Structures are given as structure tokens and as C-alpha cells.
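J.: Each chain is listed here by its residues.
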Amino acid sequence: MSIHIRNVTKHFGTFAALDDVSLDVADGSLLALLGPSGSGKTTLLRIIAGLEHPDSGSIEEDGADITDLHARSREVGFVFQHYALFRHMSVFENVAFGLRVRKTPDAQVRSRVEELLRLVRLEGLGGRKPSQLSGGQRQRVALARALAIRPKILLLDEPFGALDAKVRVELRQWLRRLHDEIGMTSVFVTHDQEEAFELADRVVVMNHGRIEQEGTPDEVFDQPATPFVMDFLGNVNVYHGRVENGRAFWHGIPIDYPDYPHAQARDARVYLRPHELELSLAAEARRRPENSLAASVVRVSRSGAVTRVACRPHGSDVELHVDVPADTARGWTLEPGTNVAITPRRARVFLPGPEYVI
Amino acid sequence: MSTDASRPIAALLIAAAVAIVGVLIVVPLVAVFAEALAPGVAAWWRALTDDPDTRHAIWLSLTVAPVAVAINTVFGVAAAWLVARFRFPGRSLLISFFDVPFSVSPVVAGLALVLIFGRQGLLGPTLAWLDWKVIFSWPGLVLATTFVTLPLVVRELIPVMEAIGPDEEMAAVSLGANGWQVFWRVTLPNIRWALLHGIVLANARAMGEFGAVYVVSGHIAGATDTMPLRVEKLFQEYRQPASMAVASVLAGLALVTLVAKFVIEHRLATEARDLERARSADGTTHDATLEAA
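Chains as they are written, first to last, in the working numbering: chain A, 1 to 358; chain B, 1 to 293.
Looking at chain B on its own, in the form it has when it is part of the complex (with noise of 0.2 Å):
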């Protein structure tokens, strides 16, 4: 397709693109890091550890991103097989709904969060009687992160589930699998770079979460400030070089996504080979074995 005319365009179709991404995405990466280890590594370190809240703060989302995630997963799981499995009423609308998360400005989800179960909301009394603490808390960072991340592996696994079709499972319990055994040994291998694709996806979401932790958390140093939140707080507090060492901490769990992405994308990639190829009316090969029977 490079024709001679269309050469001076492609490469200034490439010169704007490789542009956009160096101001956009290389140059701020960069700069956090630089800005972060500025002051040397020993300062770095210091700034990430020696603040009780700081510590706090790192330790909140390594809690919050995997049980987030957790249930993440799950719910993907459950709500894909439901979709690609299964015809019913209402099926594209739930789909829709899947998107909610993508579509709503995560303030307005903790903000939604907040009028059913803060003190004054919907559930607010039953959980005062309880004497179970939502919203400022812990639970609520675990809701919010989850709502804004919901979409991620469910919409990873619809396409590939569709993809591979319901054969191999009814395979599976023509031979006298039960419902368990069918996940374990058949649905679960042939998803498990899309899940996989999935989890990183959300995961990286769930660390970098702000709007919508913001609303829910009430941002009490100490108690429910994530990473992003105590990135933002100490730089309203002018101090920046901790601020930018924990910055550089969400950049280089960025970084990490990146390449794990980068890998599982490679998997996805052969696997949908495999399953063209599978599919493919490959009789050409002449069966030498059945001449000599």
C-alpha cells in the first residue's frame, strides 16, 4: 500500500503520533520519575517510609485494589458465562448496563454511594443499628474501587467466551463433567489470558482510583487515604518531594501493568491463532494411518 504520494504522508502521520505520545505519556512518566528521585534514592525511600501516613496510605490500596479485584473477577466470571452462554430478555440491556461504570463520572458513583449508605441515606439507619461503617471506611473504599472497575473483566471475557462457543463445555458434560468440573478443567484454561488481561487491567484501575474514593473515604489521614488521595494531599501541603515519591510508586505499578499487558496480549494473540486454526477445515492432510488399516 506505501505508494510514492502516500509516503510523505505516512511519515507525518508517524512523526504526529510518536509527538502526541512523547509529550503526553513519555515526558510526564519521566518527569515524575526524575522529580521523585531527584533528591537520591536514600530521600525516596525516606519520604515513602518514614510518614506513619504515607505507610498507611501504600498499605490501604494494596488492600483495597485486590479484594476490589477480587470481586471483580468473580463477578466477571459469573456475569460473562451468563451473557455469552445464554439467550434471554433484557441480555443487550445488561450489557449496557456493564458499560455504567465507563460512562459515569466516578465522583457521581461515590456520590451515589454516599446518598445509600452514608448516615443519611438509604441503608444509613439499618447500618447505624448494625453498627457497620460503610461510607469513611474501609468497605466503602472497597465498593467505590469496585464500581469503577466492574467493567474491565467482564468486557474482557464476553468476546473471547463467544469466541470459543459453548462445544467444548457441552464436550465436557457429554463425557459426565459436573458444573464444577466443567469451570475448573475446560472453561477456565481457555479464558485464562483473557481473565488474566482482565485483572491486570482492573487492578492498575483500582490502584490509581481517585474521584470516587475521594467522595466515599472523607480522606482521614491515617485511616482512609489511599495512594492517589495522599499524592494529592501532601502537594496541597506543599510537600512535593513526598508527593512525587509516591507518585512515582502508582507510575511505576503503571510501568509493571504495561509490561504484563504487553506479555498477556502476546498469549491472547496465539490463542486466537490456536482457535482459527482449530476451527479451520484442515482435512488437507492426507491420513497416511488409515491407508494401512
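Excised from the complex, chain A in its bound form (with noise of 0.2 Å):
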């Protein structure tokens, strides 16, 4: 089932939750809303869910204007931040409850949920009340409830957001397989860029009431279509330059950016990610690299993979991050004071527009 947003605007008092928001989200997909809270991401899924009625706008289904349908007939799957699992009935009435209120017989009800029960791996279980449960267990009780009706849309509003790191992991690993195998239209609301991207086929990044940038998680990642997007997907250099004539200059070193081909010089900001950077020993390269910088070490993180250096360029207060591949780092001497050079191998200028708001 596909769902087509069209101009949706809500507002809370003077608070604009959602201003002109239109999206498609195609048959059989996963796709996260990614964004800060208050960025309205909670407030479209309830829109869809028909927990909330736009202002304005619409919502359809498979082309079918459903803007008005009460919630109850919506056929939506929803799963609640916090579970909103029913406190004082067992797992399996939890479960039986959207088949129970629409008179099921008792014969289908209890197959039904014996067989949601097994999907969710929770069989044997049914008789608990909820309070008995880990979290990641009430998380696929609240799962298996939503999808006890069969419903054509599945809507998980921050579906791990209570559970600790590690359960978290394998309930995202594990949603992931069941999307594949159900196929079920899937959208969640997320705060968390790892999540949306490891989860996902196709991620929307929100941020005040508006969508900033819409594709899959690459396209979002490599191409991130405004600042807002660039600064949220995280740990980002930032450093107020100039463009003139196809280059943007950082830190005084060129970089080519032909969108800006004019001669009349331009404020602009460049950004780049901590592995856009490389990192050469000054003392290795006797003679510094063409266009690099001279800097000096601040701080050495070896955590894992990656060794995080903190530099800051000679001359200069601010602080880059550079990301070191932990093989090509093994051999060196990093530590603070060390003088080292950075040369920069991407970047992405962001020219101040009128909507330029940060």
C-alpha cells in the first residue's frame, strides 16, 4: 500500500508541527523519518495513523483520499514509543485485543495470536502481564499486537528508543528480516541517523516542521542537500570561507566547487567530514604536501576501527577532527604536539541563501 502526503500543515497553538509537508512513500518500503525532536517527524506518523488531523492537506492511500477516515478504520498498524501495551491484560489479550474488538471468533483469535506469538518469539509467554517483561520483549508484544489486524501500513514511533544498545541492535536486525519477509508498507520516526540508515531503504530528514532532504541512505550521506542535514548526520568541520571563481577556500587552501564560477567573491560555509581529511606526519613528508596544513595534535582517541586525532591548525583556535584509518595509524607517534599535515580531499560549501537559517 502506497501513501502519498500531500501539502499536509499542522499546527499546535502557534507552534507550526508540520508546514507544507508532501512525500511518497512507495508500496512494500521501510522508511525512516529522521530528525531532532520537535522536528515534526512524531506529528506525520500520527497524521498517517490519523491519530492527529492535519490543518490542511491531504493523505491518501493507493490514490484514495483518506484525510477524514477515523483512525479505527484506518487499518494502521501503530506501535507506540513506549509501547502503550494494555497494563492489566495478559501478552496474549494484548495481542488478541484489535481481533477481540472486531467480534473475531475465538477459535480464529486464539490461532491468530499463537501465530504472532511465534513470529515475535515470545510463544509460552502469553499469559504474563506486561510489567513482567524485558523491554525488548514488550517492544514485540506492542509489534505483534499492531500486527494481529493484518494492517496495510506499519508506523513505529522511536520503536527502540527505550532499550539499551545492545537489544536495540538485534530488534533492528531482527525488524529488518521481518519487514522482508511480511513486505509490509513500514515507516519509522527516529532520532538516531545509525538507525535510520542501517534500518531503512529510504530515509527523510525533518527539521522544523519541514522536510530537508528526502532519498536513500546514501544519497542522504554522501549528498546531504542542506547544511541542516550535514550538521545532523553528525560530527562535521565546519569553517566559514569564501568562493570565487570555481574555488572555495578553506583554511586558505583551494578547493575546486565550479557551482560558482563568478569572480566577485562570496561568504560561504564548508564542511567537512572527520574522513574527507587525510593526515600526514609533518616529520614523514619532509616537504609538506601541496595545498595541505600545517597543524598540531590536541588530542588522540584509538578507539576501534578509526583513530579519532584533534588538530588545530597553526595559527588558528579552531579545532579539526580527522579520522585516521587505525592500520595506517598503528605505527605512528600521535600525541599532543605532535606537527602534522591535513590535506583536504572533499567538502561540500553551503552558500548563506535566503532560507539559510542554522
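Hints were generated in silico from the structure; no laboratory data involved.
Keep in mind that this is a model prediction, so the values were computed, not measured.
The reader is advised that the hints may include incorrect statements.
DEER-style ranges, computed between Cβ atoms [what the hints assert, rightly or not]:
#, chain 1, residue 1, chain 2, residue 2, range
1, A, 55, B, 78, 37 to 43 Å
2, A, 55, B, 258, 49 to 55 Å
3, A, 192, B, 273, 28 to 34 Å
4, B, 178, A, 22, 30 to 36 Å
5, B, 102, A, 22, 49 to 55 Å
6, A, 107, B, 26, 58 to 64 Å
7, A, 119, B, 96, 49 to 55 Å
8, B, 262, A, 301, 57 to 63 Å
9, B, 97, A, 107, 50 to 56 Å
10, A, 37, B, 97, 33 to 39 Å
11, A, 12, B, 254, 44 to 50 Å
12, A, 128, B, 78, 29 to 35 Å
13, A, 166, B, 267, 31 to 37 Å
Each residue gets a CB set at the ideal place from its N, CA and C atoms; glycine is no exception.
Hey, can you piece these two chains together into the complex? The hints should help.
T.: Dropping the structure here:
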């Protein structure tokens, strides 16, 4: 079932939770709504479920307008952030709820619930109360309950937010496999970019009630459309430089930027991810590589596959973060004060436009 | 926290509390029962049952209070739901209005009812034309009792409904439940102990109400006298043993209420703990079942 969101706006008082948002979700895809809190991602999810009504705009499912369809008639499975399990009911009755309110015959309820408890690997726990389960188990009860009514769409609000790191990663992989098996159109909300990128086919980055960028995880990561996306996806070096004649200048070092061929210089922000900077030891490179920046090491943290180095360019007080593959850095003596050379490999340049707000 | 210096102060405060509770609550309560039962259980029973006016007063209290409590329950659930689930202009003002019966003297409440429903009152001519009697009659007693007990159920429910939050109800809706199904299967089971608590308190207050009922009843023996009014009338007529017998029934009801309250509050505390546990990010238990997957 495909979902089409057209020009949806939603205000809470004077706060614009969603500002003219349009989005298409393809049939069978797994889409992540990614953004900081207050970006409108949960509101959008609730509007798709019918739990909120948009001020203007429309929602379509497979071309049929469902904007005014009541939540109980939408046949949407919704997994709440804190699961919202019915506390006074057993796990079995929680999963059975959607079938019971539809007056499904008892035998059918029994077989369906048992099938679902098997699917979420909770066989034998049907008699427990939600309070007797671990966080991960509750999460799966919430999922089974949502799936019981055979929804056309599955919506998940911060599905792993309340779980600890290890359970989170396990559940994530398990949910991805489950989605591939069932093939239901699914949308989930998260503020964790790693979660969005690992799980989703498509990622929608939201900020201030608007969509900043939509695309595959690779597209969003490699070609961030806005400074916000660049910033939000984490760990980036920002430099207030300038552009002129098809080049951007980063600490005085020119980087090709054909998008701005004009001779008149303009202020610009230059963004480089830590792995897009190359670091070499100044002692090794007697003659510093051309177009490199002389700097000295401030801090080194060797953590797993990458060694994170914080450096300060000579004569500057900004701190640059550089990721060096651990294999490369193994033989090096890197300690505070060591002189190094930094070469930019790749950069993104954003010119301040009229809508440039950070 | 019990340092050596604080121990004598703590002991002193505890002693003071025990003394106050003893003098103001325990001793008078015991005195009522002792006085009522002094002539013997048989005499006590006769004092309650031989006089038709006393019998009627007991019967009247046992009918007025449940009706008032029932009205309160319906109103309380609806009002608490409105206030806990919706934000609208005037919401906090409305919540303050729920408390008016606590701050207004019951006598004033009774007088207000007479002003509206009495023969010379606002609705007097209409009621006369319909031939409905409210003041000096059973409906007036119910109205007055409902008024003074109004805050008890709704006040009990608002914090509980706010603590539970709307998520379970929304989950029920998204699973296809209609309004009634949400209420009976999700909302009511979640608030049942708080509701029962409110009902018990409202019932105790309804049984014991004197001031408002005194004004609207016209204290007609055998017609509009409730138990508390009967106690007063017997006392004024120097029929102390009979007065004490009825008073002991009221006091007995209070003791039953106390026990019920104790049990219910225990349940409420358990539920609050469960809610807390359900909310806490209890993801630390390792999911062995998933590893096998």
C-alpha cells in the first residue's frame, strides 16, 4: 500500500509542527523519518495513522483520500514509543485486542495470536502481564499487537528508543528481516541516524516541520542537500570561508567548487567530514604535501577501526577532527604537540541563501 | 536521618500526633459505641428498629446516598476524561469550579438550592406547574448530597488519568476499537481502583451530610429526615439512647469506609508502581530469544 502526503500543515497553538509537507512512500518500502525532537516527525506519523488531523493538506492510500477517515477504520498498525501495552491485560489479550473488538470467533483469535507470538518469539509468554516482561519483549508484544489486525501499513514511533544499546541492535536487525518477510509498507520515526541508515530503504530528514531531504541512505549521507542535514548526520568540521572563480577556500587552501564560477567573492560555509581529511606526519613528509595545512595534534583517541585525532592548525584556534584508519595510524607516534599535515580530500560548500537558517 | 539530636524531637512529635489522634478521633469514636451499646445490644437494636421515623431515616439515607454517588460517578468519569484528555480555554477555571463544593459551606449550598428550586425560587413556578416537588422532598436531598460530594470522584480521577496518559486509549483506537470499547476495555480497567476510592469517599460523605440536607429537607420526620438529621432531632428531643444508636450506625459506616479505603489505597500504590515500571526503560534484560533467531 503506497502513501501519499500532500501539502500537510499542522499547528499546535502557534507552533507549526508541520509546514506544507509532501511525501510519497512507495508500496512495500521501509522509510525512516529522521530528525531532532520538535522536527515534526512524530506528528507526521500520527497524521498518517489518523491520531492527529492535519489543519490542511491530504493523505492518500493507493490514491484514495483518507484524510477524514477515522483512525479506527484506517487499518494501520501503530507501535507507540513506550509501547502503550494494556497494563491490565495478559500478553495474549494484548495481541488479541484488535481481533476481539472486531468480534472475531474465539478459535480464530487463538490461532492468530499464537501464530504472532511465534513470529515475535514469545511463545509460552502469553499468560504474562506486560510488567513482567523485559523492554525488548514488550517491544515485540507491541509489534505483534499491531500486526494482529493484518494492517496495510505499519507505523513505529521511536521503536527502539527505550532499549539499551545491545538489545536495540538485535531488534533492529530482526525488524529488518521481519519487514523483508512480510513486505508491508512501514514508516518509523527516529532521532538516531545510525538506526535510520541501517534499517531504512529511504530516509527523510526533517527539521522545523519541514522535509530537509529525502533519499536513499547513501544519497542523504553522500550528498546532503542542506547544511542542516550535513550537521545532523554528525561529526563535521565547519569552516566559514569564501568562494570565488570556481573555488572555495578552506584555511586558505583552494578546493574546486565549479558551482560558483563568478569572480566576485562570497562568504560560504565549507563542511568536511573527519574521514574526508587526510592526515600525514610532518616529519615523514619533509616537504609538506601541496595544498595541505600545517597543524599540531591536540588529542588522540584510538577506538576500534578508526583513530580520532583532534588537531589545531598553526596560528588558528579552531579544532579540526580527523579520522585516520587504525591500520595507518598504528605505527605513528601521535601525541599532543606532534606536527602533522592535513589535506582536504572532499568538501561540501553551502552558500548562505535566503532560507539559510541554522 | 535519625541522628542522636533529632531522636528526642522525633519522639516528641510522634507522641503529640498520637495524643491528638487519640483525643480527637479514637476516644470520641469509642465513646459513641460505648454509649450506644451501654443499654445492651437488644435495646440498641430496638432503638433503631422500633421507631418508624428512625427506620425511615435509615432507609432514606440508604437510597439518597447511592443515587447521589451514582450521579457523581458518571459526572466524575466524564469530567475527569474531559480535563485529562483535552486542552481547551477555561480548562483550569473548570478544574477550580470542581472544588467549589469543598470551599462553600454546605448550608449555603442548601440555601442556593432553595433559591432555585423552592416555591418562591427561580424555577418555582415551572416546578409548581409540572407538579414536581424538589425542595422538602427526595429530589432536593439527592441534589444537595450530590452537590457536596461533587469533587470527590472527579478529583480522584484527574491525577490518575493524567499519569496514565492517552497512549493506551489511542492504541486501542488504532486497533479498531470504538469509543465504548475503549472506555470499557481500556480506560475503566485502568482507573478502576481510583474510581472505587472516589466512590467510597463520596459515599461516606453522602451518608454523613448534614448542613445542605438540613436546609432543603425541611426535616419532616418520617418523610425527609436522613440519618444525620434524625440523630440531631432525637438528641434535641432528649432521646439520647436512640440518638446514640443511630449515631453508632453512622460511625460504623465510617469504620467500614476506613477499611475499604485502606485496601483500595494499597491497590492504588501497587498500580502506580506498575505504571512506573512499565514506563522505565527496562531494556537491560538481555533478549536471549532473539539471539537464537
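J.: For each hint, tell me whether it holds in the structure or not.
T.: Cross-check of the supplied hints:
Distance hint check: the CB atoms of residue 55 of chain A and residue 78 of chain B are about 28 Å apart, inconsistent with the given range 37 to 43 Å. Here the CB-CB span from residue 55 of chain A to residue 258 of chain B is close to 52 Å, well matched to the stated 49 to 55 Å. For the hinted restraint 28 to 34 Å between residue 192 of chain A and residue 273 of chain B, the CB-CB distance of approximately 30 Å keeps it satisfied. Between residue 178 of chain B and residue 22 of chain A the C-beta distance comes to about 32 Å, which sits within the given range of 30 to 36 Å.
For the pair residue 102 of chain B and residue 22 of chain A, the beta carbons lie near 53 Å from each other, so the given range of 49 to 55 Å is met. The hinted range of 58 to 64 Å is satisfied by residue 107 of chain A and residue 26 of chain B, whose Cβ atoms lie roughly 59 Å apart. Taking the beta carbon of each, residue 119 of chain A and residue 96 of chain B are about 51 Å apart, inside 49 to 55 Å as hinted. With their beta carbons about 58 Å apart, residue 262 of chain B and residue 301 of chain A fall inside the hinted range of 57 to 63 Å.
Checked against the hint of 50 to 56 Å, the pair residue 97 of chain B and residue 107 of chain A passes, with Cβ atoms roughly 52 Å apart. In this structure the hint that residue 37 of chain A and residue 97 of chain B lie 33 to 39 Å apart at CB holds, the actual value being about 35 Å. Taking the beta carbon of each, residue 12 of chain A and residue 254 of chain B are about 47 Å apart, inside 44 to 50 Å as hinted. A hinted range of 29 to 35 Å holds for the C-beta pair residue 128 of chain A and residue 78 of chain B, which are about 34 Å apart.
Checked against the given bound of 31 to 37 Å, the beta carbons of residue 166 of chain A and residue 267 of chain B, roughly 36 Å apart, stay inside it.
In the structure shown, a violation is registered for the earlier hint numbered 1 alone.
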